Amino acid sequence: MTAETQTPAVKKPEPAGDDSFMNVFLRNLWSANNVLLTALSVVLAVVIGAVLIVVSDAEVLAKFGYFTARPSDALSSSWELISTAYSELLMGAFGDPAVFQAWFAGTATWQQAFTPLSETLTYAAPLVFTGLSVALAFRGGLFNIGAQGQAVLGCIVAGVAGFSFGLPIVLNLAVALVAGVIGGALWGFIPGLLKARTGAHEVITTIMLNYTSALFLSWLVIQKGVQAEGRSDAISKTVAESAQLPSPGGVLRVHLGIILAVLVTAGVAWLLKRSAFGFEIRAVGANPHAARTAGISVARTYVLLMAVAGGLAGLGGATQVLGTAHALTPAVAGNIGFDGLLVALLGRNRPWSTFFAALLFGALRAGGNRIQSFAGISLELVTVLQALIVIFIAAPALVKAIFRLRAARSTGLGASLAKG
Amino acid sequence: MRPVRGKRIVAILAAGGLTLAAAACGEAPAETPAASGSTAAEAAYKACMVTDLGGIDDKSFNASAWAGLQAAQKEVSNVDPKYVASSSEADYEPGLRSYVSQSCNFILAVGGLMGEVTTKVAKESSSSQFAIVDSNSGNSNIYPMQFATHQAAFLAGYLAAGYSKSGKVGTYGGLKIAPVTIFMDGFADGVAHYNTVKGKKVEVLGWNKASQNGTFAESFIDQNKGKSVTETLVSQGADVIMPVAGGTGLGTAQVAKDSAGKVSVIWVDQDGCTSAAQYCDVFLSTVVKNIEEAVKEAVVKGAKGETLAAAPGYVGDLSNEGVSLAEFHSFDSKVDAGLKTELETLKADVISGKVKVESASAPK
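Here the protein sequences line up with chains R and V, keeping their order.
Numbering-wise, the UniProt record's numbering puts 82 at position 82 of the first sequence, and it's gapless, one number per residue.
Numbering-wise, the UniProt record's numbering puts 339 at position 339 of the second sequence, and it's gapless, one number per residue.
These aren't lab readings, by the way, just hints derived from the structure by calculation.
Just so we're clear, the structure is a prediction, and the values are computed from it rather than from any experiment.
For each residue, glycine too, the CB sits at the ideal point set by N, CA and C.
Among the hints, erroneous ones may be present.
Computed footprint of chain V on chain R; a stretch qualifies when at least three of its residues, placed anywhere within it, have a C-beta under 8 Å from a C-beta of chain V [what the hints assert, rightly or not]: (1) 112 to 125; (2) 278 to 291; (3) 331 to 341; (4) 392 to 404.
With a Cα cut of at most 27 Å, we get these calculated BS3-like pairs of lysine-lysine [said to hold, decoys possible]: (5) V:K176 with R:K237; (6) R:K237 with V:K227; (7) R:K224 with V:K209; (8) V:K364 with R:K237.
One-sided and incomplete, this derived list gives chain V residues near chain R with beta-carbon spacing under 10 Å [as the list claims (entries may be wrong)]: (9) V50; (10) G95; (11) R97; (12) S98; (13) Y99; (14) Q102; (15) L175; (16) A178; (17) T341; (18) E342.
Can you make the complete structure from the sequences, with help from the hints?
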């Protein structure tokens, strides 16, 4: 993804003439390319997060009260707090060395050792789909705020299909997944159609549809035939075992959804790069007027694009309900649609970058659970970290100014975000 | 332009630095020997709690349970309490599992909604000790803490019927779940008992015990929802209202406050004059569910090495003060002495079994 930003610079003859290879290399490394900007955004977010951790801990903060008298107290306790927090974050996301040692020594099972990774992938899977949904719509020049609503509808339709049909194994799962896609696609199709036919702005219509789907879900789960038998609270029947995404079970919650996510990411990448529809999307996204002049039906592209984006988000909802939740509750979709927006921004609307951004968010979430549980630091810290990373990504000029980066010689950066 | 701006930044930094330096001039405390801390940590009894969706500051059952853990720490110093807050139902399981892997000695699930997942995790981690509030699964390693809340709510219903001037009293719940409807059952029964004893016709709005149907805010946090539900009840004529909805109930307290004495509120869970003191002057009384004491006792027992038997577990009722009707506080002078003595006799009658209070949601 960086190759394109680096190679032209090397070819261009430098006026000074006597630049060594290392100089050119370093200069390009420290120019504002996407990888470096993303990495620095993460670094900045971590630094600000560290300050927040210290500020929110009364005990450590008290030690700053006598900073001039004995600075070592404040510094060492802050360092200890920050390093525990971040090491717990990493261990919660990727694995705890102590548990691996215990596994090799035979006192722990391999499942326990891989639990953190499994959690990361579990949280990442639905975000990949909702992220791709937002990213794809962005490429066509549409701001799909409705990923949340589409994911909720995906949850609803997939969940209901999962416990009502009672089809044989494999078929049941396939039908439930397809149902989720159709549900989401419908919820994307409506704003797409409204945009194409009446010019209603998709931001407004999708936000309204978010409310509609959330309220529909909370109404639906307490209806007879949907609500779990013997329960008076808002929870639906459990999805049939044959319609659940296969998972190793026990402490490992990871499920087939993550593999599906890889395949779908590859599919979306192919769609954008190689297919005729992908070309139309990009053409309409770059300039709808020019696209129309060139003979592309902008209205048709909008409708189709929103339906596909909705289907992707619906699939995200379906993996949530068929993979982890197994029953519908009013909060079953959590925040996956809105997190998908952040993931797409972080991934700069490119399919594979979005995939890795979702993995990063999954890792932060899994690690956040561990920070909260082991170090007693609020889970909100993770939300703040996620938000900070995205703020810095969305404001590349800020990062460039802070680190005094040279401007990259490619215009690719920021161009995709400017429309947002 | 540029140098001026540079100087300005330097000046701001210098000023900020001076303020910080001034704030940092405190005396350093004497070094404390570290030995005492480490011995306590060795034998620490880790009491770990997973909250329900309301979060730790819900001024209701999560807050009570957490207060219980902290109270236990005051009594037995090696108790080391910590908690995780759940932001959605999907967080229950990782929260519990994470505490299993940290080998917590006491893992507390707060709220009946966590019943199923707690049972599942407890079955797979048979060596860990679990506890749960408002649920009983029958697993041998889950210590259930349940409350015969309908007994205290019965007294509250009687009080409300006796105090009401309009002849109509109201109640509503946060969600239609057993730990909520048990309050409403008791309340409705209390009113009905008042009607039979006194030959009156006080009406209950918001809950029908026979059909088990009523008004619910569908939230334990949304105060505006509480306000609108309450306004509906008030417009139908209710002048004493019991919200069983955690933080949502604060909306009811606000409506009562705005009514300038016409409407009064019966609070639930923790005494309203402590947990929501700003509204103390509208709280007629509180149906207290003493989760704090129950949790504290369980943890103290566990920390002392006593076994926590899953059967019968803990059932709080009027006789062991697990549930009770709180003081009248600012209403003390307004509730007439006759009603007060009747409540005392009624309480004794419920304890002795002379008056039977029943609820479909009662702990079995």
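Okay, the hints, checked on the actual structure:
1. 112 to 125: holds (count 3)
2. 278 to 291: Since three or more residues must qualify, the claim that chain V covers the segment 278 to 291 of chain R is violated, with 0 doing so at under 8 Å.
3. 331 to 341: holds (count 3)
4. 392 to 404: violated (count 0)
5. V:K176 with R:K237: 17 Å, holds
6. R:K237 with V:K227: Between R:K237 and V:K227 the Cα gap is close to 32 Å, so the pair fails against 27 Å, i.e. violated.
7. R:K224 with V:K209: Roughly 20 Å separates the two Cα atoms, so the pair holds.
8. V:K364 with R:K237: Given that 27 Å is the threshold and the Cα spacing comes to 25 Å, the pair holds.
9. V50: Constraint on V:V50 satisfied, holds at 9 Å.
10. G95: Nearest chain R Cβ about 7 Å off; hint holds.
11. R97: 6 Å, holds
12. S98: V:S98 check passes; min Cβ-Cβ to chain R is 4 Å, inside 10 Å.
13. Y99: 7 Å, holds
14. Q102: 6 Å, holds
15. L175: This hint holds: V:L175 lies near chain R, its Cβ roughly 5 Å from the closest one there, short of 10 Å.
16. A178: For V:A178, the interface hint holds, since the closest Cβ of chain R sits about 7 Å away, which is under 10 Å.
17. T341: Hint on V:T341: violated, closest Cβ of chain R at ~37 Å, above 10 Å.
18. E342: 33 Å, violated
Hints 2, 4, 6, 17, 18 from the list above are not met by this structure, while the remaining hints are.
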